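Take the sequences, apply the hints, and build the full model.
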Amino acid sequence: DTGVSQDPRHKITKRGQNVTFRCDPISEHNRLYWYRQTLGQGPEFLTYFQNEAQLEKSRLLSDRFSAERPKGSFSTLEIQRTEQGDSAMYLCASSSSGTTYEQYFGPGTRLTVT
Amino acid sequence: AQSVTQLDSQVPVFEEAPVELRCNYSSSVSVYLFWYVQYPNQGLQLLLKYLSGSTLVESINGFEAEFNKSQTSFHLRKPSVHISDTAEYFCAVSSDSSYKLIFGSGTRLLVRP
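Chains as they are written, first to last, in this note's numbering: chain A, 9 to 122; chain B, 1332 to 1444.
Derived from the structure by calculation, the hints contain no laboratory data. Among the clues, some could well be false.
If we take Cβ atoms under 7 Å as the criterion, some of the chain A residues that face chain B in the derived model are [said to hold, decoys possible]:
1. Gly-50
2. Pro-51
3. Phe-53
4. Phe-73
5. Ser-104
6. Tyr-109
7. Glu-110
8. Phe-113
9. Pro-115
A partial selection of chain A residues facing chain B, derived with a Cβ cut-off under 10 Å [claimed, not checked]:
10. Val-12
11. Ser-35
12. Tyr-41
13. Gln-45
14. Glu-52
15. Thr-55
16. Tyr-56
17. Gln-58
18. Asn-59
19. Glu-64
20. Ser-66
21. Leu-69
22. Lys-79
23. Ser-81
24. Tyr-112
Quantities reported herein were computed from a predicted structural model and do not represent experimental measurements. The beta carbon of each residue, even a glycine, is placed where N, CA and C say it ideally should be.
In structure tokens form, the structure reads like this:
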């Protein structure tokens, strides 16, 4: 068990550019979650998948954001036409569909939009 | 809708003193409660959880939290803190209706020698 991994760890981009982040969950976990954390705040839920199905999306997830989990394993989060307000830490977590409900978090991808 | 309130943004305390980090939640359904810890420059780690059963839950490093349904609280306590406990602590809630975690804004525990 190598834990949840995220790539890249840091991303600096110019306003208007598109960015894509990747998350690899713990291998036996079928639920995968994306959160966003800004400085001084707790993580905010963005979306989650059970296997390849996207089951819930937050109102925070504007149409510039899209997430996929095509084979029920890794997931990607894409932000199109980035804005300075998108600067944040993007966190991925995974959990099993058992009864423990606990989510395991990756180290995050820090996005800076200049 | 569910929400979590952590009233204390920062709690300074001297080493070996007791500490309590407060967490209150609001929910119209049965909840599951969690405390996560974020050490400097590290990711979120689960500290402890309440799912059902005994209302007092403990972690391996001496923290405990008590679920109080009537007061809708899940306060985190430690009888004697160490310098190494300096971190950001987040309280979170989820439920069977949605597996997402709703987090509070966090409490920074600052342990001084």
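Here's how the hints hold up against the structure:
no.	hint	in the structure
1	Gly-50	holds (3 Å)
2	Pro-51	holds (5 Å)
3	Phe-53	holds (4 Å)
4	Phe-73	violated (16 Å)
5	Ser-104	violated (11 Å)
6	Tyr-109	holds (5 Å)
7	Glu-110	holds (5 Å)
8	Phe-113	holds (4 Å)
9	Pro-115	holds (4 Å)
10	Val-12	holds (8 Å)
11	Ser-35	violated (18 Å)
12	Tyr-41	holds (7 Å)
13	Gln-45	holds (9 Å)
14	Glu-52	holds (7 Å)
15	Thr-55	holds (9 Å)
16	Tyr-56	holds (6 Å)
17	Gln-58	holds (8 Å)
18	Asn-59	violated (13 Å)
19	Glu-64	holds (6 Å)
20	Ser-66	holds (8 Å)
21	Leu-69	violated (12 Å)
22	Lys-79	violated (21 Å)
23	Ser-81	violated (19 Å)
24	Tyr-112	holds (7 Å)
Consistency with the previously given hints fails for numbers 4, 5, 11, 18, 21, 22 and 23, ordered from lowest to highest.
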